[in-house]
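Q: Chains as they are written, first to last, in my numbering: chain A, 1 to 335; chain B, 1 to 260; chain C, 1 to 345.
Hint data in this document are derived by calculation from the structure and do not stem from the laboratory. Just so it is clear, CB atoms sit at the ideal spot from N, CA and C, and this is done for glycine as well. It is possible that some hints are incorrect.
[Claimed, not checked] Derived DSS-like pairs (lysine-lysine); straight-line CA-CA distance at most 30 Å:
1) Lys146/A / Lys117/B
2) Lys229/B / Lys87/A
3) Lys314/C / Lys249/C
[Said to hold, decoys possible] Restraint-style ranges between C-beta atoms, simulated for each label pair:
4) Leu180/B / Asn119/C: 30 to 36 Å
5) Ala129/C / Ala31/B: 49 to 55 Å
6) Thr10/B / Ala129/C: 41 to 47 Å
7) Gln81/B / Glu61/A: 49 to 55 Å
[As the list claims (entries may be wrong)] Derived contacts from chain B toward chain A, CB cut-off under 7 Å, selection only:
8) Phe65
9) Leu106
10) Ser107
11) Met127
12) Tyr210
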Amino acid sequence: MQKKLILIFGLVLALFVFCRLSYAQGDGFVAKASCEPQGTLIIFHAGSLTIPFARMEKEFEARYPKIDIQREASGSQKAARKISELKKPCDIIASADYKVIDKLLIPNFAEFNIRFATNQMVLCYTDTSKYGNEITPHNWFEILLKKDIIWGHSDPNLDPCGYRSLMVLQLAEEHYKKPGLYERLLANRPQENIRPKSVELISLLQTGNMDYAWEYLSVAVQHGLKYIILPDEINLRDYRYDDRYAKAVVKVTGKQPGTFMDMKGRSITYGVTMVKNSPNHAGAVAFLKFMLDSQGGLKILQEMGQPPFLPSRVPNEKMKQSLPKELHSVVGVKK
Amino acid sequence: MKKEPFFWVTISCGFVIMAFILLPLIEMMTAPSFSILKETIKDKDVIRSIWLSIYSAGSAALISFLLGTPLAYLLARSDFQGKRLVESIIDLPIVIPHPVVGIAILSVAGKGHWLGKVFSELGIRIMGSVTGIIIVLTFVGLPFYINAAKSGFESISPRLEKVSRSLGASMVSTFFRITLPLAWRSMLVGIIMCSARAISEFGAVVIVAYHPMIAPVMIYERFEAYGLKYSQPVAVWLVSICLVLFLILRILTLRRPRET
Amino acid sequence: MIRIENLTIHLPGFNLRDINLTIDENEFFVLMGPTGAGKTVLIEAIAGLIPVAGGRIFIGNNDVSKLSPEKRDVSIVYQDYALFPHLTVQENITYGLHFHKIDRSEAEKRLACIIEILNLSHLQKRLPANLSGGEKQRVSLARALIVKPKILLLDEPLAALDPGFREELRHMIKRLHRNSNITFLMVTHDFAEALSLADQSAVMDKGRIEQAGSIEDIFQRPDSTFVADFVGMKNLFAARFRGTRAIIKKLEVELGRQPKNSNGYIAIRPEDIVLSEEALSSSMRNSFPGTVTRVFDLGFYYEVHIEVRNVIFKSLITKSSLFELKIIEGADIFLSFKSTAIHNF
Numbered sequence: 001m002q003k004k005l006i007l008i009f010g011l012v013l014a015l016f017v018f019c020r021l022s023y024a025q026g027d028g029f030v031a032k033a034s035c036e037p038q039g040t041l042i043i044f045h046a047g048s049l050t051i052p053f054a055r056m057e058k059e060f061e062a063r064y065p066k067i068d069i070q071r072e073a074s075g076s077q078k079a080a081r082k083i084s085e086l087k088k089p090c091d092i093i094a095s096a097d098y099k100v101i102d103k104l105l106i107p108n109f110a111e112f113n114i115r116f117a118t119n120q121m122v123l124c125y126t127d128t129s130k131y132g133n134e135i136t137p138h139n140w141f142e143i144l145l146k147k148d149i150i151w152g153h154s155d156p157n158l159d160p161c162g163y164r165s166l167m168v169l170q171l172a173e174e175h176y177k178k179p180g181l182y183e184r185l186l187a188n189r190p191q192e193n194i195r196p197k198s199v200e201l202i203s204l205l206q207t208g209n210m211d212y213a214w215e216y217l218s219v220a221v222q223h224g225l226k227y228i229i230l231p232d233e234i235n236l237r238d239y240r241y242d243d244r245y246a247k248a249v250v251k252v253t254g255k256q257p258g259t260f261m262d263m264k265g266r267s268i269t270y271g272v273t274m275v276k277n278s279p280n281h282a283g284a285v286a287f288l289k290f291m292l293d294s295q296g297g298l299k300i301l302q303e304m305g306q307p308p309f310l311p312s313r314v315p316n317e318k319m320k321q322s323l324p325k326e327l328h329s330v331v332g333v334k335k
Numbered sequence: 001m002k003k004e005p006f007f008w009v010t011i012s013c014g015f016v017i018m019a020f021i022l023l024p025l026i027e028m029m030t031a032p033s034f035s036i037l038k039e040t041i042k043d044k045d046v047i048r049s050i051w052l053s054i055y056s057a058g059s060a061a062l063i064s065f066l067l068g069t070p071l072a073y074l075l076a077r078s079d080f081q082g083k084r085l086v087e088s089i090i091d092l093p094i095v096i097p098h099p100v101v102g103i104a105i106l107s108v109a110g111k112g113h114w115l116g117k118v119f120s121e122l123g124i125r126i127m128g129s130v131t132g133i134i135i136v137l138t139f140v141g142l143p144f145y146i147n148a149a150k151s152g153f154e155s156i157s158p159r160l161e162k163v164s165r166s167l168g169a170s171m172v173s174t175f176f177r178i179t180l181p182l183a184w185r186s187m188l189v190g191i192i193m194c195s196a197r198a199i200s201e202f203g204a205v206v207i208v209a210y211h212p213m214i215a216p217v218m219i220y221e222r223f224e225a226y227g228l229k230y231s232q233p234v235a236v237w238l239v240s241i242c243l244v245l246f247l248i249l250r251i252l253t254l255r256r257p258r259e260t
Numbered sequence: 001m002i003r004i005e006n007l008t009i010h011l012p013g014f015n016l017r018d019i020n021l022t023i024d025e026n027e028f029f030v031l032m033g034p035t036g037a038g039k040t041v042l043i044e045a046i047a048g049l050i051p052v053a054g055g056r057i058f059i060g061n062n063d064v065s066k067l068s069p070e071k072r073d074v075s076i077v078y079q080d081y082a083l084f085p086h087l088t089v090q091e092n093i094t095y096g097l098h099f100h101k102i103d104r105s106e107a108e109k110r111l112a113c114i115i116e117i118l119n120l121s122h123l124q125k126r127l128p129a130n131l132s133g134g135e136k137q138r139v140s141l142a143r144a145l146i147v148k149p150k151i152l153l154l155d156e157p158l159a160a161l162d163p164g165f166r167e168e169l170r171h172m173i174k175r176l177h178r179n180s181n182i183t184f185l186m187v188t189h190d191f192a193e194a195l196s197l198a199d200q201s202a203v204m205d206k207g208r209i210e211q212a213g214s215i216e217d218i219f220q221r222p223d224s225t226f227v228a229d230f231v232g233m234k235n236l237f238a239a240r241f242r243g244t245r246a247i248i249k250k251l252e253v254e255l256g257r258q259p260k261n262s263n264g265y266i267a268i269r270p271e272d273i274v275l276s277e278e279a280l281s282s283s284m285r286n287s288f289p290g291t292v293t294r295v296f297d298l299g300f301y302y303e304v305h306i307e308v309r310n311v312i313f314k315s316l317i318t319k320s321s322l323f324e325l326k327i328i329e330g331a332d333i334f335l336s337f338k339s340t341a342i343h344n345f
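Same shape as in the complex, but just chain A:
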């Protein structure tokens, strides 16, 4: 009887150790590059990438069952500060504005910056929105000036969608030749209508707590919202209008509290990078390879209404050389 107990106890102990070893937590455990991706993979990404990345997570985990992806969605600047200020562990960060990675993470926390997708700004609304059946691409700014509606955008200090919304408004003043329009619009948008993450605005729209909100086209499509398509001169979609877009400037908080930086208008370009000295380097490389594959992550983006760059790109050869070699096949060079 005694021997049986010892045997059972030993088996249980061995099973426990085996499980523990194979389900390795990311802290300090680095998988060898030649092994299958495993462990925990931490990804911070922009709120607007939530739905495409959820699908990518599913497909990647289906391919590599040993890996567990943990995603945190937030405004991109907030995500960057989680890494730079709070030193939160993270393997990959995908931003709605690649410039955020350049300004806040390179060179101390990241070495490269891969641009992988575009987007455009639209004005979203629902069935319950006031004046919803009157609004058109030509009168939208008049509707937004009305006193009895509630419209908003995300926090420019935390989320690129926030400062991009403001840029659209500045460009609109220029484009429609209505001096003072920007200030008048801001006057009709009290601080209570700002939320940290643009995706939060969706629930406000859907419950009827907000009439109009500024969002990316991909997000509007993914959530089935009604939207107004704006002229390319102001919707930040087309890189050919970059000179025009550059006329819009928004001041946002900088690296440290009390400092500020200027964000200049530019066509919406999403960027992704690996965090230096991240917990799961091998897993991160494997995920990026999948994500940037034209039949992998980029295809998912396409299907979800967010046009990707095919292939994804870095600005120069030097940066391409700094990429892990596994990624050389999926990344191109374009200024």
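The hints should help you fit chains B and C onto chain A, whose structure is shown.
A: Chains B and C alone, transformed into the frame defined by chain A:
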């Protein structure tokens, strides 16, 4: 006389619990330097935020007191079909996870819901407003007030009220001359509990109203954006001010607890 | 003065059914019955403190069934005194005056008067917590009487008091009743109280009135086995009646009157059974030899069980009588009782 093991066990548990509560709090309260604390309290946003917290929690407690007292009295005095159900419903806000409370209130407050439509027509704004914050805080604080007041009423013998009525006093007179003077301490404890609960609420408020910012939301926002150093001072001020307020309230009103 | 017609009350777990009762003006009425019979429910209903499901209550000539308690002029005194703990004795007593629109001078007069009658002048500024049981009960009475109610309800007012105080307060209650024209309705378990205070009485059981009538009728002439048993007529026997005799098993007892029924019960109070060593030559028509079967020590009295031809009689005698008669279990003894002491129904 030698103390038995039972005695030592109770004392040890007591120490463990005191340490468990005090260690993290002492750490947090002593972390920021005096200069940072001075700077923080001069920040207009911080002052506004703490004041909003106090004001909205106080309003929630007042509303709970006015609306909850009649119901607490009814539950204490009468027995009816479905009383247990009503009592369980009153306790629901305690059980529901805080973000769920916020989402639920938001869903009713918007134009997608008939009640929200009514509010919109009346020009009442709930999302992102002080009204909305007070509604959320009342929602989470009500059960604390009602249960305390109910206990207080239950502890008063109904015979006192019966005698009062037989002597010629109406129900209302009886309530104000007999019931209230005997139950006011329990009601006050209820108000204190309700306010305490309200002032510390975060998860439900942040969904309904990010701006205007109550203190817990500001603390969280600063922590998320810039870390401990930036958020701790606000936390210290909020905790200190709350402690002082509650201490004053308790001292003023709860002397001589032996008097029934 | 109080007339109750077909009163029905439904409470969770208890019902009062079809109560009919009449109490005359200025009467002292005592309500008795076992615990849970519904006595408190009935008096609280008269006061209007309990909702009524059916029937009517009249006070004087007015139907007060739908009248709220504060309008009925009915005061109530509870067993636990129910004094307002946050008010002084004086404030307790004068509480009701606020609602009766009494002017200042009249109020002061009444206060002085009631305080004197109930001997409370030295206690006026005290709080109830600092009073003895007897003092509390006097304050409770003062509070109830100062508003000059039409009816005073008393729910076992003396039960919580020390036996020494009980008698004193009992006399006080009797005096209060005699010196006022208020109808008193009192609930009690104490037979001595009932017998000394009551004019009329009723016995309740399980939400119904079993018997109502004068206090003597109830104690001497119960008309049901329940009431007979309740009032302590411990010698209760089923009997057949033939002529003026009652036959219990094989024992024949002379009643001195002819009952209307041929089958029924006879009941004799244990105090009315006289024990003697030899047969008594007296006017007692019933005298039998018997054997002592059991003796119970009840403190001040002894209860002796005697068997006479298979019928067990219970007698109550003093300690000294016990020794004098040399009563022990198994002893032979004679027992006798008058025919007038027998109650048949």
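Q: The structure should be examined with respect to each hint, and the outcome stated for every one.
A: Evaluated hints:
{"no.": "1", "hint": "Lys146/A / Lys117/B", "verdict": "holds, 18 Å"}
{"no.": "2", "hint": "Lys229/B / Lys87/A", "verdict": "holds, 13 Å"}
{"no.": "3", "hint": "Lys314/C / Lys249/C", "verdict": "holds, 17 Å"}
{"no.": "4", "hint": "Leu180/B / Asn119/C: 30 to 36 Å", "verdict": "holds, 33 Å"}
{"no.": "5", "hint": "Ala129/C / Ala31/B: 49 to 55 Å", "verdict": "holds, 50 Å"}
{"no.": "6", "hint": "Thr10/B / Ala129/C: 41 to 47 Å", "verdict": "violated, 32 Å"}
{"no.": "7", "hint": "Gln81/B / Glu61/A: 49 to 55 Å", "verdict": "holds, 53 Å"}
{"no.": "8", "hint": "Phe65", "verdict": "violated, 28 Å"}
{"no.": "9", "hint": "Leu106", "verdict": "holds, 5 Å"}
{"no.": "10", "hint": "Ser107", "verdict": "holds, 5 Å"}
{"no.": "11", "hint": "Met127", "verdict": "holds, 4 Å"}
{"no.": "12", "hint": "Tyr210", "verdict": "holds, 5 Å"}
The structure fails hints 6 and 8 (numbered hints given earlier, in ascending order).
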